[in-house]
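Student: Based on the hints, put chain B in the right spot on chain A.
Protein chains: 2
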Amino acid sequence: MSVTYAQGFAAAGVPAGISSIAGKKDLAVVTNQGPLDVAAGVFTSNRFCAAPVQWSRGAVADGHLKAVVVNSGGANACTGQAGYDQSARTAAAMASKLGVDAEQVAVASTGLIGELLPLDNVLQGVDHAFGQLAESEEAGSDASHAIMTTDTNPKTVTLDGSGYHMGGMVKGSGMIAPQLATMICVITTDAVISSEQAQQSLREATGTSFDRIDVDGCMSTNDTVLLLASGASGVEADAKEFTSLLSQACASLARQIVGDGEGSSHDVNVTVEGAISEEAALTCARAIAGSNLLKCAIAGNDPNWGRVVSSLGTVPESVAPYDPNEVTVDINGVRVCDGGKPGESRSLVTMEEREVTITVNLHAGSAQGTIWTDDLTVDYVHINSDYES
Amino acid sequence: MSVTYAQGFAAAGVPAGISSIAGKKDLAVVTNQGPLDVAAGVFTSNRFCAAPVQWSRGAVADGHLKAVVVNSGGANACTGQAGYDQSARTAAAMASKLGVDAEQVAVASTGLIGELLPLDNVLQGVDHAFGQLAESEEAGSDASHAIMTTDTNPKTVTLDGSGYHMGGMVKGSGMIAPQLATMICVITTDAVISSEQAQQSLREATGTSFDRIDVDGCMSTNDTVLLLASGASGVEADAKEFTSLLSQACASLARQIVGDGEGSSHDVNVTVEGAISEEAALTCARAIAGSNLLKCAIAGNDPNWGRVVSSLGTVPESVAPYDPNEVTVDINGVRVCDGGKPGESRSLVTMEEREVTITVNLHAGSAQGTIWTDDLTVDYVHINSDYES
Chain A
1 MSVTYAQGFA AAGVPAGISS IAGKKDLAVV TNQGPLDVAA GVFTSNRFCA APVQWSRGAV
61 ADGHLKAVVV NSGGANACTG QAGYDQSART AAAMASKLGV DAEQVAVAST GLIGELLPLD
121 NVLQGVDHAF GQLAESEEAG SDASHAIMTT DTNPKTVTLD GSGYHMGGMV KGSGMIAPQL
181 ATMICVITTD AVISSEQAQQ SLREATGTSF DRIDVDGCMS TNDTVLLLAS GASGVEADAK
241 EFTSLLSQAC ASLARQIVGD GEGSSHDVNV TVEGAISEEA ALTCARAIAG SNLLKCAIAG
301 NDPNWGRVVS SLGTVPESVA PYDPNEVTVD INGVRVCDGG KPGESRSLVT MEEREVTITV
361 NLHAGSAQGT IWTDDLTVDY VHINSDYES
Chain B
390 MSVTYAQGFA AAGVPAGISS IAGKKDLAVV TNQGPLDVAA GVFTSNRFCA APVQWSRGAV
450 ADGHLKAVVV NSGGANACTG QAGYDQSART AAAMASKLGV DAEQVAVAST GLIGELLPLD
510 NVLQGVDHAF GQLAESEEAG SDASHAIMTT DTNPKTVTLD GSGYHMGGMV KGSGMIAPQL
570 ATMICVITTD AVISSEQAQQ SLREATGTSF DRIDVDGCMS TNDTVLLLAS GASGVEADAK
630 EFTSLLSQAC ASLARQIVGD GEGSSHDVNV TVEGAISEEA ALTCARAIAG SNLLKCAIAG
690 NDPNWGRVVS SLGTVPESVA PYDPNEVTVD INGVRVCDGG KPGESRSLVT MEEREVTITV
750 NLHAGSAQGT IWTDDLTVDY VHINSDYES
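Residue numbers (my numbering), protein chains in the order written: chain A, 1 to 389; chain B, 390 to 778.
You can take every hint at face value.
Covered, in the sense of this in silico footprint (three residues per stretch, anywhere, with C-beta under 8 Å from a C-beta of chain A), are these stretches of chain B:
hint, region
1, 436 to 443
2, 457 to 469
3, 496 to 504
4, 608 to 614
5, 690 to 702
6, 727 to 739
7, 764 to 771
Below, simulated DSSO-like cross-link-like pairs (lysine-lysine); rule was C-alpha separation at most 30 Å, straight line:
hint, chain 1, residue 1, chain 2, residue 2
8, A, Lys24, A, Lys97
9, B, Lys486, B, Lys413
10, B, Lys730, A, Lys24
11, A, Lys341, B, Lys413
Label pairs and their in silico Cβ distance ranges:
hint, chain 1, residue 1, chain 2, residue 2, range
12, A, Gly58, B, Ser666, 30 to 38 Å
13, A, Ser194, B, Gly596, 52 to 60 Å
14, B, Leu737, A, Gln81, 22 to 30 Å
15, A, Ser45, B, Asp727, 21 to 29 Å
16, B, Asp516, A, Ser45, 54 to 62 Å
17, B, Pro710, A, Asp62, 23 to 31 Å
18, A, Gln124, B, Leu737, 26 to 34 Å
19, A, Ser277, B, Ala523, 51 to 59 Å
20, A, Gln81, B, Glu668, 29 to 37 Å
21, B, Glu668, A, Glu278, 25 to 33 Å
Keep in mind the hints are simulated off the structure, nothing from the lab. Quick caveat, the model's predicted, so the values are computed rather than measured. Yeah, the Cβ is synthetic: ideal placement off N, Cα and C, and Gly gets one too.
Next up, chain A with everything else stripped away, as it sits in the complex (with noise of 0.2 Å):
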């Protein structure tokens, strides 16, 4: 289902030659029918964004748009005026099939950075989806796999609020970093809401999901999310169970590229409690799930605690206070590390699960933070010494 969930969307997904995989769907459009066209987007932080990051940003800054088109095969990040023309062409292009401006289209794109795309391809593919858009789950489900790059299988989430639907859109299983992770994410709605309110929502949906997630520590280029809202429930929602909701479906999404991420062989969740503030424990949370070496370790099923207080202890006493001989680190809840010195015998753990959990304890305070990362194995390396991207 995915996009074409709520009501007043449609979608398609196609194969327009951009990837290097022969046949694959590379190319997904949606649109919005309304009655609303309102949106909100979330961008990378990265310096060097992408063109369709240039161009989106533009795009969504007055809150509204029509449709998105996204293409995988090809970042168009680092390609000068060039790769901004080609978003906008690919933009007018979509525009001109719904007789709509430019500037009422998003373009998203992921793949190899430092290329132009093959423009005629996308154009060709833009007319090709315009004529397959539909209601369809199967068209939401096309979308989906159109915007897949490394991802084993497609992401999706559909959820239900109070008389109105929420469903999305993600993709993304590299280059995830601590900040907004590396993906193109598109969720609608057929809930009744304001830019403004649309806008403070999906930032505080991204905040708790998309932030905190990391595969590889390596912040992208492309990072896109966007929100549409068409109205076409006729039901106002509640802000605050709209976020609720919207958090969800984010959070959703985020724990699927987390579970997708490449060659990982287990899930992980660093969770620091007993920090002063939820910043300082999502700081210390990110220094632990940074470590190579631990990711390494559990890759090999070793509950290596050595390696979670080593990584802790190169966050600054200034940034989370904590005194390193009243610090736990429980590894699948069996207490390894017990006051900075060991705690019980580390073959009681098992880690057989792909899901890892690693709680922490600092004893400074009552706030906690999660951070959800991946294990790094022989078959990361291997995705990313063969893959260009």
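Tutor: Just chain B now, kept in the frame of chain A:
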């Protein structure tokens, strides 16, 4: 030669049964026979610093040491008061042999975090090593072998000053971090220098060497660099020359660590030029050198400049101002990115040599900085999934 190259030093390296590898030399001692007993130390800034670091920081605080005991096979980190007592007893055992106070002996340990050492073995090893002490080349070589863990070869250096000598040894190949690599280093000299000068020169030399390598971004609990000066040459060292020589020694040893980075197939020189300050250049170079995606690409002989700029783009503008449209990236002398856009074809870049040079010019100022790192290979993951450290 290593630590016995300068006059006034004896060394030994013996198997003490600490390492899990039967028969491996795993305990080294270095003694300073004077006439001076000047010493200086630089240690990890990790808040979970190991017991031997806590001990040795205190021992060297007065600028004097008679001897150093180093063991591989166990880090004695996160071991609480019992671990600290082990370090103290090790120092005391060596001190009693020499007829000096325990506080005149430093200790350093490397290996698995979170386990106590087999103290009886350590103390017998000290006894054994004391009996083997010699000023010979072989004794220095034995010591450099005894401190190895995942190192594939011993790492040593010898240099000549104006009328005095300097020699050193280091171990380290994993858990090599942005601020002081995971390593244990002992440098000896027969120059006549003051404790103050020794500390000042050592701080400066490590700042431009060990602080500028990054194998895996993981900071150790046990990093230790010790400088011992015997004054046996009778030659008072010129401060500037001495700092320069010590910097060369540290740079050589640091470079050898990168050359032996766990599982690595390339040594990578990341130089950022045209920055507004050296600090800005180094921050950018560290961001690039820390990218797992880039390191995987290099392992695959792929000059993937997109992964260079996407990492560079994560450094905030407030830290390193530059215009992304002005940035150039050269890989092994080929300008693959020119003004933020594709430059010459990446197919012109040859990556077969072990050494790879990535030069980024920000065109924002005249300062520059270099960080050395390794690529990220399948073997790194194998080593760190299987080996407990």
